[in-house]
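Given chain A, put chain P in place with the hints provided.
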Amino acid sequence: MAACGSTKSAANDSAAAAPATLRVALLTPGPVSDQGWNGGAFAGLNMIHDSLGARVSHVQTKTPAEFDENFRLYGEQGYTLVFGHGFEYQDAAERIAQEFPRTQYVTTSGTRTSTNLTGLEFAFEDGAYLAGIIAGAATKTGTIGAIGGQEIPPVRRSFYAFEQGARSVNPSVKMITSYVGNWDDASAGKEQALAQIARKADIIFQNADAAGLGIFQAARESKGVRVFGTNGNQNAVAPEVVLGSVVIDLPRAFLLVAREIQAGTFKPRVISLGTASNVVRLELNPALRGTIPAPALLTVDSVTKLFVAGTFKAPIPPIAAIKP
Amino acid sequence: MSSPALADFLDASVRSATPLLLAALGETVAERSGVINVGIEGTIIAGCLAGLVAATVVGPNAALLAAGIAGIGIALIFVVVAIGLAADQIITGTAITMLGLGLTSTLYRVIYGDGGAALSAPTLSVIGIPLLQDIPVVGRALFRQPLPTYLAELMVPAIWYWLHRTQSGLAIRATGENPGASLASGISTRRVQTTAVLFGGMCGGLAGGTLVLAQVGTFTEGMSAGRGFVAIAIVALGRWHPVGVAMAALVFGMASALQFLFQALNLNLPYQIFLALPYLLTLLALALTRGVYRAPAALGARKAVRG
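Protein chains in written order, with the numbering used here: chain A, 2 to 325; chain P, 4 to 310.
Bound-form chain A, shown alone (with noise of 0.2 Å):
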């Protein structure tokens, strides 16, 4: 009942600035300071507080409960637009979305919609795949890596294109695939990756979180070892080893959804981004370039072009083509 009470109050105070005021609130598997998945949502969050003047609430989130809970709360407080940021928020979303329908539920890496609920699904394999490219024309060993946070659908599906996209250019490459069981371990992420290496593996590509950061440190210590970041532009995080990084320019997305909704013409739908619409990119690091076979390059931005134009998609695993 109080939260209906301040909806009201909320509504009756941005009467006077014709639309209601847009409030919006965005959940993360993990924090904000981790410079990829988390980072770049929380910046979108905050360019739609600045390009539209909305009210803005964020909250970590650990457990399925939570998500539950957080869904709900922002549910019953009447805010108009809540993302669930990651595949793992989708069943809740889908649940607590029905108890509320004027709350707009938006999950990324989601592919199911309702009433009021979306899908934001980019094409991560895409911006993968080239990566993958540049990986299997530039490894000197035969072997390289792949190290995720937790084995969901969107990191392995990350995987299986990096690794594709490394076999159209060397097909007898080797790929090693670990996972640090959590995002958070720094600690651990970085012996995934010494490991990985110890066995030969000498360009990984790492799709962790903040665990990640693990990961370019063991690069850092070995010699010739070269890192793909993810998610967000990783480049400077450690220039001297990162080649590269795929980004999802989670902003532009969040704003892309937000301005459409306060503009009144959403229409809720599993919305697909990527190549083409410049939301997931390959950001090569300046300093790498050069080290980078031209050749390779070359094959990049050939397929690029392909995928903006339509007509090439970054292969998806088997499985996850059967039950995304």
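The set of hints was computed from the structure by calculation and includes no laboratory data. Please read these numbers as outputs of a predicted model, since none were measured by experiment. Incorrect hints may appear among the rest.
Simulated restraints, written as ranges between beta carbons of each label pair [stated by the list, open to error]:
hint : chain 1 : residue 1 : chain 2 : residue 2 : range
1    : A       : Pro-269   : P       : Met-101   : 29 to 39 Å
2    : A       : Ser-303   : P       : Gly-105   : 41 to 51 Å
3    : A       : Pro-319   : P       : Leu-280   : 20 to 30 Å
4    : P       : Ile-114   : A       : Ser-115   : 37 to 47 Å
5    : A       : Arg-270   : P       : Ser-5     : 28 to 38 Å
6    : A       : Pro-319   : P       : Gly-62    : 29 to 39 Å
7    : P       : Arg-168   : A       : Lys-141   : 33 to 43 Å
8    : P       : Leu-280   : A       : Arg-260   : 47 to 57 Å
9    : A       : Pro-319   : P       : Leu-268   : 20 to 30 Å
10   : P       : Met-101   : A       : Pro-296   : 29 to 39 Å
11   : P       : Gly-62    : A       : Thr-116   : 56 to 66 Å
12   : A       : Thr-112   : P       : Leu-286   : 30 to 40 Å
Cβ coordinates follow ideal geometry from the N, Cα and C atoms, glycine included.
Then chain P, alone, in the frame of chain A:
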């Protein structure tokens, strides 16, 4: 396993074991005095952040000291509440863990902003002992390590001597077994427990400092990742004896290193099995060694006696 691979494995074992050993040795002393501090996780993460901040100002060696002091600071809160006010130790410890994790995340964002500190901290260099470090297979694991590893190794005999050969060690053990009798014999049990817990806090802080200064080179929120709780299990596994604790920490480090190695070998098995390996081994070892030694009799006793 070829000998370079074995050397890599042992090296990774020692690296993984070091923060656990430091934290577990500190917890051993606290528990021998009859206090179970489950807030050790909070002291570790405090040591992590203090280590990072201090390293950027005074360099990594002094930063290790700062990490230890931060651990003492967090342990002091435990002392006031659990010993001074005789509150329940488990509840206090749990609160300290949450406080440590929350406080460090908040302070980290206040100091470094949302962008974080990246990999900006200088790290401790590896100290190689001439000749010994060149011994095949074991040389690198034993004699080519950063300062905290040697510190942890030296603390094993030092703590044994303290607990078993000194007057104050006897007071700690007596308090943990029978605080009433200790008090009657003129021991200030409160003072003894306070000293033991603060020492434990320092060790937890050093463990956190090790993670940042000797391993990762930066802070990430929640990077202690449950090591405080693992340390508590290691104390039980090591039967509250410094040598036993050292061996238990090494076993746990080896299980972790085995997990890293198995994943890197690309065996076609679910990775969760490997991640569970260290914990399964701990459970197994606890079950098999049951009844060999027992915990201090007054462990966790709330307000047994005023002293």
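Results of checking the hints against the structure:
The given range of 29 to 39 Å is respected by Pro-269 (chain A) and Met-101 (chain P), whose C-beta atoms sit roughly 37 Å from each other. Checked against the hint of 41 to 51 Å, the C-beta distance between Ser-303 (chain A) and Gly-105 (chain P) comes to roughly 50 Å, which is consistent with it. Pro-319 (chain A) and Leu-280 (chain P) have their C-beta atoms about 28 Å apart, which keeps the hinted 20 to 30 Å range intact. Checked against the given bound of 37 to 47 Å, the beta carbons of Ile-114 (chain P) and Ser-115 (chain A), roughly 42 Å apart, stay inside it.
Between Arg-270 (chain A) and Ser-5 (chain P) the C-beta distance comes to about 55 Å, which lies outside the given range of 28 to 38 Å. The hinted range of 29 to 39 Å is not satisfied by Pro-319 (chain A) and Gly-62 (chain P), whose Cβ atoms lie roughly 52 Å apart. Our hint of 33 to 43 Å for Arg-168 (chain P) and Lys-141 (chain A) is violated, since their Cβ atoms are close to 56 Å apart. In this structure the supplied range 47 to 57 Å holds for Leu-280 (chain P) paired with Arg-260 (chain A), their Cβ-Cβ distance being about 49 Å.
One distance hint, 20 to 30 Å for the beta-carbon pair Pro-319 (chain A) and Leu-268 (chain P), holds here, with the actual separation near 23 Å. Judged by the Cβ atoms, the range 29 to 39 Å given for Met-101 (chain P) and Pro-296 (chain A) is violated: they are separated by roughly 54 Å. The supplied range of 56 to 66 Å is met by Gly-62 (chain P) and Thr-116 (chain A), whose beta-carbon atoms lie about 59 Å from each other. Range check, Thr-112 (chain A) to Leu-286 (chain P): about 38 Å between beta-carbon atoms, so the 30 to 40 Å window is met.
When the structure is compared with the earlier hints, violations turn up for hints 5, 6, 7 and 10 and for no others.
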